[in-house]
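Required output: the full structure, derived from the provided sequences and hints.
If you want the building blocks of each chain, they are given just below.
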Amino acid sequence: MAVSHVAPNVPESVYAMYQLTFAVITAALIVGAVVERMRFSALLWFIGMWSVVVYAPIAHWVWEPGGWLAQKGVLDFAGGSVVHINAGVSGLVCAHVLGPRRGYGRESFEPFNLGLTMAGAGLLWVGWFGFNAGSAVAADGRAGLAMAVTHIAASAGALAWMVGEWVVRGRPSLLGLCSGLVAGLVAITPAAGFVTPSAALAIGAIAGLTCYWGATGLKRILNADDSLDVFGVHGIGGIVGALLTGVFASKTISGVHGDIAVQLLGVVAVVVYSGVMSAVLLWVTKVIVGLRVDDSSEVTGLDVTQHREHLGS
Amino acid sequence: MLPSEKLAIAAHLHVLLRRKTGRVTDTEWMAHNAEYATEIVRFARRSAHEDGHIELVDWADKLEQAMVVGAPPGMLARRPLPQAVTGAGGLLAALVSQVDGAAEVDVPRYVRGLR
Chain B
1 MAVSHVAPNV
11 PESVYAMYQL
21 TFAVITAALI
31 VGAVVERMRF
41 SALLWFIGMW
51 SVVVYAPIAH
61 WVWEPGGWLA
71 QKGVLDFAGG
81 SVVHINAGVS
91 GLVCAHVLGP
101 RRGYGRESFE
111 PFNLGLTMAG
121 AGLLWVGWFG
131 FNAGSAVAAD
141 GRAGLAMAVT
151 HIAASAGALA
161 WMVGEWVVRG
171 RPSLLGLCSG
181 LVAGLVAITP
191 AAGFVTPSAA
201 LAIGAIAGLT
211 CYWGATGLKR
221 ILNADDSLDV
231 FGVHGIGGIV
241 GALLTGVFAS
251 KTISGVHGDI
261 AVQLLGVVAV
271 VVYSGVMSAV
281 LLWVTKVIVG
291 LRVDDSSEVT
301 GLDVTQHREH
311 LGS
Chain R
1001 MLPSEKLAIA
1011 AHLHVLLRRK
1021 TGRVTDTEWM
1031 AHNAEYATEI
1041 VRFARRSAHE
1051 DGHIELVDWA
1061 DKLEQAMVVG
1071 APPGMLARRP
1081 LPQAVTGAGG
1091 LLAALVSQVD
1101 GAAEVDVPRY
1111 VRGLR
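As given, the protein sequences belong to chains B and R, one line each in that order. Read left to right, the first sequence gives residues 1 to 313 (our numbering). Read left to right, the second sequence gives residues 1001 to 1115 (our numbering).
The set of hints was computed from the structure by calculation and includes no laboratory data. For every residue, glycine included, the Cβ atom is placed at its ideal position computed from N, Cα and C. Be a bit skeptical, because a hint or two may be false.
[Unchecked claim] Beyond 10 Å from chain B on every Cβ pair, some chain R residues (computed):
{"id": "1", "residue": "ASP1026"}
{"id": "2", "residue": "ALA1048"}
{"id": "3", "residue": "GLY1052"}
{"id": "4", "residue": "ASP1058"}
{"id": "5", "residue": "VAL1111"}
[To be verified] Listed next, the stretches of chain B that the computed footprint assigns to chain R, with coverage defined by at least 3 CB atoms under 8 Å from CB atoms of chain R:
{"id": "6", "segment": "19-29"}
{"id": "7", "segment": "175-184"}
{"id": "8", "segment": "210-219"}
Structure follows, in structure tokens:
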């Protein structure tokens, strides 16, 4: 039975399938930035090429011990750079290249069902343990601690976002709470195997506040219709988490030392490569099949015009 | 314009939409709420354009004018003319956005962002 040198205690087939879940979720995150206007065929072309040309090399740089960022000492326990910064930057580029949805900035685009948002956030919270604790590649103390800090950071992120929204807007919201917990989860992702519970509390709280800014103030500055705030939450949360990993990584937890300058190098490398290559692949996709649906299809809805089906009655 | 006159226009449009498109609308709310009226005007014009129900255009225009006449003075003057007449919903859409802007001091919910 084959065994990967990266994960010597599990069969390589298991580890490969585990890595596949990271690749899948990263591509899925990007979709949040392009909803309601990108052709389905274009999405398939883009995601297929992106997974090979953008995701795979970055995963290799960071996670394969011989990768150049790993050699530099960049720490990314469960995908802060590989998954979240990568998807966030690519999503932002996609949103810019595609352009805004019709009516963006003038019409109110209400969430379809906040109950489903809450249910999805709950599923994410539980599912995240699989990524973060699983990245210990063992059922041991480090996995347990990764799970604990993940839970703490998610809670801190949810509370921080809620407080921030309460102060700025005068009222807390369910959507804000859900967004904050995701922000905390994103930020603890690169740090999960390297930090103490108290550090996780700080990482989650800082991420909750900065991602709230990312999805509101920064979003207005960037002026892109990043529909579900992929960059505001995953991009900003990933950057905050990567940098704070350099600050809080403790030798007593994992035996490794964090360096914020090295972490910054990792962030810059991923931002530049992901941004440039995503733009190139979008251009290639546009040449092959075109990127956007026509105006009438967008007004009618892509579920009906692209798939001849729709959700609900 | 008297509220009863607005209601009469809304009722005409209601009946026409029911007969021509099968869509059921709320007459009183149409005469009262500019945002709902905007959507009905948009729908009526689209039906007229796509399905050839020309008479819907006249009543959609009348409703739009009725809602504009009933607006506080100077409300549309603040908006540049080309934007006011060529926006997604024409004059009425411009009016609605102005009203929204006046009513909500902070950023309107779900416009230019979810959060």
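**Prompt:** Was GLY1052/R rightly flagged as not at the interface, with every chain B Cβ beyond 10 Å?
**Reply:** holds (16 Å)
**Message:** Using a Cβ cutoff of 8 Å, are there at least 3 residues of the segment 19-29 of chain B near chain R, or does the coverage claim fail?
**Reply:** violated (count 0)
**Minimum Cβ distance from VAL1111/R to chain B greater than 10 Å, as the annotation requires** = Violated, since 5 Å does not exceed 10 Å.
**Message:** So ALA1048/R supposedly isn't at the interface. Is its beta-carbon more than 10 Å from every beta-carbon in chain B?
**Reply:** holds (15 Å)
**Message:** At 10 Å, judged by beta carbons, does ASP1026/R keep clear of chain B as stated?
**Reply:** holds (19 Å)
**Asked** For ASP1058/R, is the shortest beta carbon distance to chain B beyond 10 Å?
**Response** holds (23 Å)
**Prompt:** Are 3 or more residues of the segment 175-184 of chain B near chain R, judged by a Cβ distance of less than 8 Å?
**Reply:** As far as the segment 175-184 of chain B goes, the hint holds, because 3 residues have Cβ atoms under 8 Å from chain R.
**Item:** chain R covers the segment 210-219 of chain B, three or more CB atoms within 8 Å, holds or violated
**Value:** Result for this restraint: holds, n = 4.
This entry does not satisfy hints 5, 6, going by the numbered hints stated previously.
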